[in-house]
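In case you want the letters, here they are:
2 protein chains.
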Amino acid sequence: MDDKAPIDFWFDFSSPYAYLLSERIDDLAARFGRKVRWHPILLGIIFKANGSAPLTLQHAPKAAYSMRDFARSARFMGIPYRHPDKFPLATQNAARAYYWLHGRDCALARRFAHAVFRALFVDNRDVSEPDTVLAIAASVGVDRDELAAAVQSPEIKERLKQEVDTALSIGVFGAPYVVIDGEPFFGADRLPQIERWLTSGGF
Amino acid sequence: MDDKAPIDFWFDFSSPYAYLLSERIDDLAARFGRKVRWHPILLGIIFKANGSAPLTLQHAPKAAYSMRDFARSARFMGIPYRHPDKFPLATQNAARAYYWLHGRDCALARRFAHAVFRALFVDNRDVSEPDTVLAIAASVGVDRDELAAAVQSPEIKERLKQEVDTALSIGVFGAPYVVIDGEPFFGADRLPQIERWLTSGGF
Chain A
0 MDDKAPIDFW FDFSSPYAYL LSERIDDLAA RFGRKVRWHP ILLGIIFKAN GSAPLTLQHA
60 PKAAYSMRDF ARSARFMGIP YRHPDKFPLA TQNAARAYYW LHGRDCALAR RFAHAVFRAL
120 FVDNRDVSEP DTVLAIAASV GVDRDELAAA VQSPEIKERL KQEVDTALSI GVFGAPYVVI
180 DGEPFFGADR LPQIERWLTS GGF
Chain B
0 MDDKAPIDFW FDFSSPYAYL LSERIDDLAA RFGRKVRWHP ILLGIIFKAN GSAPLTLQHA
60 PKAAYSMRDF ARSARFMGIP YRHPDKFPLA TQNAARAYYW LHGRDCALAR RFAHAVFRAL
120 FVDNRDVSEP DTVLAIAASV GVDRDELAAA VQSPEIKERL KQEVDTALSI GVFGAPYVVI
180 DGEPFFGADR LPQIERWLTS GGF
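Protein chains in written order, with numbering that gives the first Met the number 0: chain A, 0 to 202; chain B, 0 to 202.
Excised from the complex, chain A in its bound form (with noise of 0.2 angstroms):
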């Protein structure tokens, strides 16, 4: 079933809903024979270049029902949420470490992002310091000082920029985004949606 194309799947690792998306995603594109290539961005660069802004830094009302909305989204799908105490967070250390270590073990990459996440959405830890990613990636099994180095490395950065450019040229505004076969879905609350277009390829 692997000659189906693969589902993109753009996403901050700050960003809530990505996180539950980033928990169905994979077992629903496998129930169709599909991949998801995952694509962590910087919705920081995203936000500027579009004038716009994290949902916890928009107007009052906006703000007081997203915290609401997050928390009961992930009650409605069954994933355990705490709201971190530092957000929004900076994510390039945990994006270009996901970058590298893809490069060398796709599935080590997926336990890895998956770990950031729940690190951050389930045990409230500060994601953006570079020595929790070290330590989130040494507990899934990477060696900690060659991922210290590799993600200094300018190829690093310079993989992590490409991939944000080519986020904003194909219209990702914010997180989730997921393609498939063209068709973008943005938000969790649109996997419904994702689910019938695989279904029926398209409708």
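Where hints are given, some of them may not hold.
No distinction is drawn between identical chains; accordingly, a pair holds when it is met within one copy or between any pair of copies.
[As the list claims (entries may be wrong)] Derived DSS-like pairs: lysine-lysine, alpha-carbon spacing no greater than 27 angstroms straight-line: (1) Lys47 to Lys3; (2) Lys160 to Lys47; (3) Lys34 to Lys47; (4) Lys61 to Lys160; (5) Lys156 to Lys34; (6) Lys47 to Lys61; (7) Lys85 to Lys3; (8) Lys34 to Lys85; (9) Lys85 to Lys47; (10) Lys3 to Lys156; (11) Lys3 to Lys34.
Read the hints as simulated data drawn from the structure, not as lab findings.
Based on these hints, arrange chain B on the given structure of chain A.
Relative to the frame of chain A, chain B by itself:
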């Protein structure tokens, strides 16, 4: 079953997602012995108070995605949709007519509201025009001349103003915005959560 508190449905007649929810909310509520109070308001005032804007007047990637998502969400829900040529547009005439009708005949007001939404989002009619609103009202059995006078009355203008003020005071920041026993749900895509909430009395 009428002893359960009614559900409040806040909307602007110009909101595509409010139109989609309007086609489902009464039937869903009725399955749980609930009535729905419809509250047409003016999103222009709500957006101005919060420094926000309609989706299609936000940055280009979000505007483009929204146009695609309006139509796709309608197909997903099995509801006819044709994006209006004039959009967004002013809806105070329709909203005032709704409140006047509601004071005389609740069921007639509901038929009128559905007719306004469908005139705009199926038949591409310009419901910002007072004559169009009167024609829609006449089509569901309202006396056109009586309505034409009523929507100009200070009492009806004040009623709409009060509804907008109430919406602002409880944190309504967009549409559709549904409140069930104090719990707010924003967006037609929250219908599954609304159903779960009604089933479980919270989750």
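Status of the hints after comparison with the structure:
For the homomeric pair Lys47 and Lys3, neither the shortest alpha-carbon distance inside one copy (35 angstroms) nor that between copies (46 angstroms) is at most 27 angstroms. With identical chains, the CA atoms of Lys160 and Lys47 are at most 27 angstroms apart within one copy only, with a shortest distance of 15 angstroms there and 36 angstroms across copies. For the homomeric pair Lys34 and Lys47, neither the shortest alpha-carbon distance inside one copy (31 angstroms) nor that between copies (44 angstroms) is at most 27 angstroms. Only between protomers do Lys61 and Lys160 lie at most 27 angstroms apart by alpha-carbon distance; the minimum there is 22 angstroms, versus 30 angstroms within a single protomer.
With identical chains, the CA atoms of Lys156 and Lys34 are at most 27 angstroms apart within one copy only, with a shortest distance of 25 angstroms there and 56 angstroms across copies. In this assembly of identical chains, the alpha carbons of Lys47 and Lys61 lie at most 27 angstroms apart whether taken from the same copy (19 angstroms) or from different copies (14 angstroms). In this assembly of identical chains, Lys85 and Lys3 lie within 27 angstroms of each other by CA distance neither inside one copy nor across copies; the values are 40 angstroms within and 40 angstroms between. In this assembly of identical chains, the alpha carbons of Lys34 and Lys85 never lie at most 27 angstroms apart, being 32 angstroms within a copy and 41 angstroms across copies at closest.
Taking the closest pair of Cα atoms, Lys85 and Lys47 come within 27 angstroms of each other only inside a single copy of the chain (20 angstroms); across copies the shortest separation is 30 angstroms, beyond that limit. In this assembly of identical chains, the alpha carbons of Lys3 and Lys156 never lie at most 27 angstroms apart, being 30 angstroms within a copy and 58 angstroms across copies at closest. With identical chains, the CA atoms of Lys3 and Lys34 are at most 27 angstroms apart within one copy only, with a shortest distance of 8 angstroms there and 47 angstroms across copies.
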